[in-house]
Amino acid sequence: MSALWRDPAGRLGVILFGVLLALAALAPLVLPDPRAQPDITHGTLLAPSLAHLLGTDHDSRDVLSRLASGGRVSLSIATGAVALSITLGALVGLVAGYAGGRTDAILMRLVDAALAIPRLFLLLLIVGVMQRVPLGVLIVTIGATGWFGTSRLVRAEVLRLCTMDFVRGAEALGAPRRRIVFRHLLPNVAGPLAAATTLAVGDVVLLEAGLSFLGLGVQPPTPSWGGMIFDAKPYIVTAPWISIAPGVAILLTVLSVNLIGEALERIAGREGLVA
Amino acid sequence: MTAWIRRRILQALVTFLIATTLAFFLMRLTPGDPLARLTEDKPLSPAAIASLRERFGIDQPITTQFVRFLSGVLRGDLGASIAYNGRPVTALIRERLPATLLLGGTALLLNFLLGVGIGVFQATRPGSKADRVLTVVSLASYATPSFWLGIVLATVFATELHWLPVAFMNEPYLVDAPFLERAGDTLRHLLLPALTLALVTFGATARYQRAAMAEALALPAVRTARAKGLPDWVVLWRHAWRNALGPMLALFGLWLPLLVTGSVFVEAIFAWPGLGTLAAEAIGARDYPVIMGVTILVSAAVVLGNLLADLLHRWLDPRLGAVA
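Protein chains in written order, with the working numbering: chain A, 13 to 287; chain B, 788 to 1111.
Everything labelled a hint here was simulated from the structure, so no lab data went into it.
Just to be clear, a hint being listed does not mean it is correct.
[Claimed, not checked] Sample of chain B residues at the chain A side, in silico, Cβ under 10 Å:
1) Ala1005
2) Trp1028
3) Gly1071
[Stated by the list, open to error] Restraint ranges, calculated between C-beta atoms of paired labels, are given here:
4) B/Leu896 - A/Lys245: 53 to 63 Å
5) A/Lys245 - B/Phe966: 50 to 60 Å
6) B/Pro1007 - A/Thr175: 20 to 30 Å
As the structure is a computational prediction, the values presented were derived from the model and not from experiment.
Yeah, the Cβ is synthetic: ideal placement off N, Cα and C, and Gly gets one too.
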């Protein structure tokens, strides 16, 4: 963590992400209810003002409240999906890298094939025929389609570690395979894995926004950034703020986690050289 | 060498077959009736539904369907569209492919010019203020939702300033115009979607180029070239950049999915009549054979792109053959 703070780009990312998190968390305490439609006749598409810092949308709802509430939805989905994808990726990578041989060959062929289909299309194949996509299903499918790259990364790290003395020493001492995998290998892939986790959050936020824009992600009336951009399309000339706000929110969120992720990659790279 | 090439081609073929299998079972084993869209707004008799199921072949057991599907794919037959009244998916794809290749090619060119330029510029002055600002700019490019940027650019440059057209590939009144006039018109329509697509993807190129170039600039060969007193631009582009080309080729596998995913949104925003719009329409209509067909085409392109990158990398750097 202190290494992250010493990295200028990493520090920028941490500050930015912290501010966004605080806004999303504190919003319900000070802002109006995102679902409230106070004045549907006179209060629609109001320009930003002191009463509504980012104005109101076509249903007279407060844009800033919806933005904060959409952010909580986005980040919850990202957290759940990334937790799943990183766990799967780490497990498959550890098994493939340590078992080697036929297990490794089969797993990696499958991963190659899965990586040949862009993630958006994988998701379309799964949720494309559904009439409504429940939130839980959305989280699980996004998570289940995101582990392929991670498993390759972990496998490569494991292959490198397996040639090192401390692993070979543990093997020579007769340590059971489970102990080697979880006590010796896993902690040593933690650095690259942390970087991958952070970068994955950014990918999921973008992906979820895209799916919601296509109507396949978060279902209205639950606010989501992608859905807000879609809803705001007809009013972009008369009320540009409702379009601009969610786009900037996505951009800043993904930018901040990518800044952190790249900084973690640099740190893991340096530590890897020392080890 | 030839044995390696043969093995690599075989491997690509196997990857493609597994991807096709994966796509088929993902689509068919997840809940949801593929014909729901056809039957939802009109009450059909059980007999009519049964005949529809027979027409699209989904009355058969899943394994039979799969064998039929796979043999179709290998013969270049991707089945019939549901939303387009049973038109062959391959015919739909063939109609839309040229527009997508034009848009994707232009976007890739812009992406490359921007990404390589910025990456090389950064690598020559690492740690400087310009380097740090451009790092944030590249990451911001990667973080921008394509559909949002498309809407913003269309509003500013088309709706407000009237510099460029908002949508489509050609003005309908130019159907009979001379070729050059029509080409100029297409170019004007191409500019905004291509720019959108390039702006949301160049960040990845720039990040890779910066890293590859930084490594190349540290090579002894580059130091020797400098010591010989060669002009800076010769050292930079002839000596260092050529050495940075190999790692850049690995990006092939990254560009294609990025471009294809981006073009689904960008084409839909600008009503560009390509595969992306076809896919977006198919999503709206729950037209599963079309979604499937486009997915399979895309995965074939990704596998082929990776294969070409590997072959090219090997050809550029014969040392790789000695190791493998």
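Hint check:
The closest approach between the C-beta of B/Ala1005 and any C-beta of chain A is roughly 15 Å, which is over the 10 Å cut-off, so the hint fails. Residue-level restraint check for B/Trp1028 is violated (minimum Cβ-Cβ distance to chain A is 23 Å; threshold 10 Å). A hinted interface residue such as B/Gly1071 counts as satisfied when its beta carbon comes closer than 10 Å to some beta carbon of chain A; here the least separation is about 8 Å, so the hint holds. Restraint check, B/Leu896 to A/Lys245: a C-beta distance of roughly 29 Å breaks the suggested window 53 to 63 Å.
Under the hint 50 to 60 Å, the C-beta atoms of A/Lys245 and B/Phe966, about 35 Å apart, miss the expected range. In this structure the supplied range 20 to 30 Å holds for B/Pro1007 paired with A/Thr175, their Cβ-Cβ distance being about 27 Å.
In this structure, the earlier hints numbered 1, 2, 4 and 5 are contradicted, and the remaining ones agree with it.
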